[in-house]
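Novice: Spelled out from the first residue to the last, the chains are:
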Amino acid sequence: MNLLRLTAMEALEMMGRGELSADELTGAFLDQIDRHDGDVAAYLYVNKTGAREAAAAAGGGDRPLNGIPTAIKDVLCTEGMLTTCGSRMLEGFVPVYTATCVSRLTEAGVVNLGKTNMDEFAMGSSTENSAFGPTRNPWDLDRVPGGSSGGSAAAVAAGEAMWALGSDTGGSIRQPASFCGVVGFKPTYGSVSRYGLVAFASSFDQVGPLTRSVGDAALMLQHLVGKDPRDTTSVAHPEQIVIPEDRDLSGLRIGVISELSGEGIDPGVREVFQKAVSTMADAGAQMETASIPHAEYCIPAYYILAPAEASANLARYDGVRFGLRAGGARDVIEMYEETRSLGFGDEVKRRIMLGTYALSSGYYDAYYGQAQKVRTLVVNDFDAAFREFDLLVSPTTPTTAFGLGERVDDPLTMYMSDICTVPANLAGLPAISIPVGLDGGMPVGMQIMGPAFSANRLLQAAHGAEAAVAFNRVSPLVEERD
Amino acid sequence: MDYEPVIGLEIHVELSTRSKMFCGCRVEFGGEPNTRTCPVCLAHPGALPVMNRQAIRYLGRIALALECSIPERSIFHRKNYFYPDLPKGYQISQYDQPFAVEGGLSVSVDGEMVTVGIERVHMEEDTAKNIHAGVSGRIAGSLYSMIDFNRSGTPLVEIVTKPHIHSPQAARSFLNRLKNTLQFLDVSDCNMEEGSLRCDANVSIRPVGDRELGVKTELKNMNSFRYIEKGLSQEIRRQVGLLESGERVVQQTVHFDVVTGEISPLRSKEEAQDYRYFPEPDLVPLVASADFVAGIREEMPELPADRARRYVSQHGLPDYDAQVLTSDRELSDFYEESVSLYGDAKTVSNWVMGELLAYLNHTGETAGECRVTPTALAELLDMVKGGDISANIGKEVFSEMCDTGESAAAIVARKGLTQISDTDELEALIRQVIEENPAQVEQYRAGKVKVIGFFVGQVMKQTGGRANPRVVNRLLKERLPE
Numbered sequence: 001m002n003l004l005r006l007t008a009m010e011a012l013e014m015m016g017r018g019e020l021s022a023d024e025l026t027g028a029f030l031d032q033i034d035r036h037d038g039d040v041a042a043y044l045y046v047n048k049t050g051a052r053e054a055a056a057a058a059g060g061g062d063r064p065l066n067g068i069p070t071a072i073k074d075v076l077c078t079e080g081m082l083t084t085c086g087s088r089m090l091e092g093f094v095p096v097y098t099a100t101c102v103s104r105l106t107e108a109g110v111v112n113l114g115k116t117n118m119d120e121f122a123m124g125s126s127t128e129n130s131a132f133g134p135t136r137n138p139w140d141l142d143r144v145p146g147g148s149s150g151g152s153a154a155a156v157a158a159g160e161a162m163w164a165l166g167s168d169t170g171g172s173i174r175q176p177a178s179f180c181g182v183v184g185f186k187p188t189y190g191s192v193s194r195y196g197l198v199a200f201a202s203s204f205d206q207v208g209p210l211t212r213s214v215g216d217a218a219l220m221l222q223h224l225v226g227k228d229p230r231d232t233t234s235v236a237h238p239e240q241i242v243i244p245e246d247r248d249l250s251g252l253r254i255g256v257i258s259e260l261s262g263e264g265i266d267p268g269v270r271e272v273f274q275k276a277v278s279t280m281a282d283a284g285a286q287m288e289t290a291s292i293p294h295a296e297y298c299i300p301a302y303y304i305l306a307p308a309e310a311s312a313n314l315a316r317y318d319g320v321r322f323g324l325r326a327g328g329a330r331d332v333i334e335m336y337e338e339t340r341s342l343g344f345g346d347e348v349k350r351r352i353m354l355g356t357y358a359l360s361s362g363y364y365d366a367y368y369g370q371a372q373k374v375r376t377l378v379v380n381d382f383d384a385a386f387r388e389f390d391l392l393v394s395p396t397t398p399t400t401a402f403g404l405g406e407r408v409d410d411p412l413t414m415y416m417s418d419i420c421t422v423p424a425n426l427a428g429l430p431a432i433s434i435p436v437g438l439d440g441g442m443p444v445g446m447q448i449m450g451p452a453f454s455a456n457r458l459l460q461a462a463h464g465a466e467a468a469v470a471f472n473r474v475s476p477l478v479e480e481r482d
Numbered sequence: 001m002d003y004e005p006v007i008g009l010e011i012h013v014e015l016s017t018r019s020k021m022f023c024g025c026r027v028e029f030g031g032e033p034n035t036r037t038c039p040v041c042l043a044h045p046g047a048l049p050v051m052n053r054q055a056i057r058y059l060g061r062i063a064l065a066l067e068c069s070i071p072e073r074s075i076f077h078r079k080n081y082f083y084p085d086l087p088k089g090y091q092i093s094q095y096d097q098p099f100a101v102e103g104g105l106s107v108s109v110d111g112e113m114v115t116v117g118i119e120r121v122h123m124e125e126d127t128a129k130n131i132h133a134g135v136s137g138r139i140a141g142s143l144y145s146m147i148d149f150n151r152s153g154t155p156l157v158e159i160v161t162k163p164h165i166h167s168p169q170a171a172r173s174f175l176n177r178l179k180n181t182l183q184f185l186d187v188s189d190c191n192m193e194e195g196s197l198r199c200d201a202n203v204s205i206r207p208v209g210d211r212e213l214g215v216k217t218e219l220k221n222m223n224s225f226r227y228i229e230k231g232l233s234q235e236i237r238r239q240v241g242l243l244e245s246g247e248r249v250v251q252q253t254v255h256f257d258v259v260t261g262e263i264s265p266l267r268s269k270e271e272a273q274d275y276r277y278f279p280e281p282d283l284v285p286l287v288a289s290a291d292f293v294a295g296i297r298e299e300m301p302e303l304p305a306d307r308a309r310r311y312v313s314q315h316g317l318p319d320y321d322a323q324v325l326t327s328d329r330e331l332s333d334f335y336e337e338s339v340s341l342y343g344d345a346k347t348v349s350n351w352v353m354g355e356l357l358a359y360l361n362h363t364g365e366t367a368g369e370c371r372v373t374p375t376a377l378a379e380l381l382d383m384v385k386g387g388d389i390s391a392n393i394g395k396e397v398f399s400e401m402c403d404t405g406e407s408a409a410a411i412v413a414r415k416g417l418t419q420i421s422d423t424d425e426l427e428a429l430i431r432q433v434i435e436e437n438p439a440q441v442e443q444y445r446a447g448k449v450k451v452i453g454f455f456v457g458q459v460m461k462q463t464g465g466r467a468n469p470r471v472v473n474r475l476l477k478e479r480l481p482e
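So the sequences go chain by chain: A and B.
Residue numbers for the first sequence follow the working numbering, beginning at 1 and rising by one.
Residue numbers for the second sequence follow the working numbering, beginning at 1 and rising by one.
Read the hints as simulated data drawn from the structure, not as lab findings.
Each residue gets a CB set at the ideal place from its N, CA and C atoms; glycine is no exception.
A few of these clues could be false.
[To be verified] Just some of the chain A residues that point at chain B, by a computed CB distance under 10 Å:
#1 Leu90
#2 Gly92
#3 Ala199
#4 Ala201
#5 Ala315
#6 Tyr317
#7 Leu354
#8 Gly403
[Unchecked claim] Here are the computed lysine-lysine pairs in the DSSO-like style, where the Cα-Cα straight-line distance is at most 30 Å:
#9 B/Lys79 x A/Lys373
#10 B/Lys346 x A/Lys349
#11 B/Lys79 x A/Lys227
#12 B/Lys179 x B/Lys216
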């Protein structure tokens, strides 16, 4: 039996029935890491000994996620375990505390397989901005896995983790999930604690699951949500997260966002997406055209607001208290300049400069102020759309995974990878990407968005769509183990 | 030409809450460096601030005591700049939506009550402390610098006055009044040497009668009210000198050297920092509901002006006494406790304002530091009232109590100071005094009754002041020839 094809829910059932041990399960994933991570490079740190010990200790336990091999994006602090955010700045950095979301999963029994690669400080859409080299797409090693949670998406797609934690600021869970043919869920802003999530853009960042199935996303989410006294922007999720069972889509009014599914979307992607829309209609959903009139302003607004917040969030990397410090500086200003010149990569520097500029005296109103207004307009657009529709859909990305190196010198084209995902971050809404087909052998994702805190409705519909579309494909790296 | 100074003050008050503004670390002065720190106040990656409710209550007290209005919603901003004592690279502060606005504090200036307007009162956090190693302890010429983060994140309230102050003396009176108010509020220890109360002053001058403000300079980080007064006087002289000689005042920060009494420029406006303020995304807005404000109002300690009114109306003290006693929190507490133990308010007031205050002024101690407690004073006053000792002996005993900390009874017993009221013992003395001074007896007989004072003095001299003057008077009148 190919254990790498199992969902977490299936594995838990088998372990519950005594047909599978936690040791065996973790062993299978560690083997796959051994076999393929040299090529895929999903991990920055593999917690081999720790994972084996945790799996051994999990044997026979009755915790709800007992023994599930889990990958953790390297943007989440893990006490005593390297946390680099894909940056030279934090090379060798070992946090003194663990992120709330990681603690919650660990307490529920998961086995931490290690820390996954990412675009430096979560800035990027291809994982090529990692200071430690790119991750490759398990469906085609010459292509990118997406980003910034590319390591987590690739690990799940390559059978190197049963599921993974990612973070999403402008699409960083959904876009790589789409590129790698897995499920990726960004919860409503405030659902999951950000304590211990190394901040990129604080008013956008959310932690969420990358999984093999919608059911698994719901299962992990059950253990992630909740108010954390250490994050005042977190709230108690108004409803308990339910594992979706019903596959019926009938009665759901679903809007297809015209601005995000027509022009600008690759014809191949559009075709797969349209087919999925028809399939959902066949399954009973009422599929109609919807509009988010200000969609085209989302990317520009995002690239003002997120870098503005980032410029402040990344000020703490100054060489004074932890992380990299450039030697030989004559005074503190020189120490700052050299440390930050050496420690940050180009994309991070670009965004710090963008953000600093946008907040500067004399420019604030024209940039930051205007972008905040756009944000309000987008929130209003969604409010209006959700008065008509239960949910909204679009392709997750305008193209399938592009080639390694193809866009590294063209930041604007790179930024456009997030055109469909950024609106949900601006409005703080929950959104999921599920694989709905292949185009040229590469996975295509469909994004479903819902009103704030509608996770249950969203997961229910995604579960129904997943069943109707019946994608059922895995990457060649998992397939070869059948 | 005559010039009028225009002065505005910015006062920073460290609150004496148990824990820091945004984390659970204790607030205390001194201690081993870097022992009261955590990921939050060290700005480790992923750490988030959580607001200290107690600090907001203290802030509320200050705002109400300064008769400010408190908007229902205020927000935090990030104030961005790089400095090693600022771990996040930004200070969490308030900017265009502060906690409280538009208040005032009445102070007596040249015997007249003047209300100094309060522009705003807002909440922020303190920085760490840089310690420069080397000969001078100043940054220039130091070998290296060390940072103590114990102070990092201490709750700090900033109070900004309107430019309503027109002399250095008035500035000092305002600050004394403010400090006294803060002490009555129990929100800060207001220790200037330890930096829990700090003051910056903005000053400009304009021809008397002009409405337009002149160019201002700023005196920063003055650590005593006396130096603020001196520094402002010196700076005003400097500005007058500039204008008289046809030069201009340049907007800049100036330094007042307390040793040489000279003013030197620190930095000019052109080099001023751009703090790139923007709303702090890690904290939700601070909501001061009507209930919250009512709650603060209820827990407000009695303010000095209220106490003074009560001393007049309930204790029957003259207004002057009430003002003096309430000019200092500890003095006022000392007085109140003594009254509660002894009863007669005016007698206590006379002793506190006379003997105690003289001693405190002489030694520089505060009423709380003095070795004589209210209980000890009440015992002493009881002895005077009971006729055990005379009032004059009582003053002597009080002084001894201050020096040794002994009780009045112990001192009286040790030194044999008990008042002599025994008629037989005094009769003998009086007979002797009359015999020895025939000339004065003759004067008395001739109608110069005042000479009786001479005889009383003689008896006192013989008894070392212990004779009961009332008894001596009576006996003398009986014995002296008509």
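Novice: For every hint, state whether the structure bears it out.
Specialist: Comparing the hints with the structure gives:
no.: 1; hint: Leu90; verdict: holds (7 Å)
no.: 2; hint: Gly92; verdict: violated (13 Å)
no.: 3; hint: Ala199; verdict: holds (7 Å)
no.: 4; hint: Ala201; verdict: holds (8 Å)
no.: 5; hint: Ala315; verdict: holds (2 Å)
no.: 6; hint: Tyr317; verdict: holds (8 Å)
no.: 7; hint: Leu354; verdict: violated (13 Å)
no.: 8; hint: Gly403; verdict: violated (32 Å)
no.: 9; hint: B/Lys79 x A/Lys373; verdict: holds (22 Å)
no.: 10; hint: B/Lys346 x A/Lys349; verdict: violated (72 Å)
no.: 11; hint: B/Lys79 x A/Lys227; verdict: holds (28 Å)
no.: 12; hint: B/Lys179 x B/Lys216; verdict: holds (25 Å)
Violated hints, listed in ascending order, are 2, 7, 8 and 10; each of the other numbered hints is respected by the structure.
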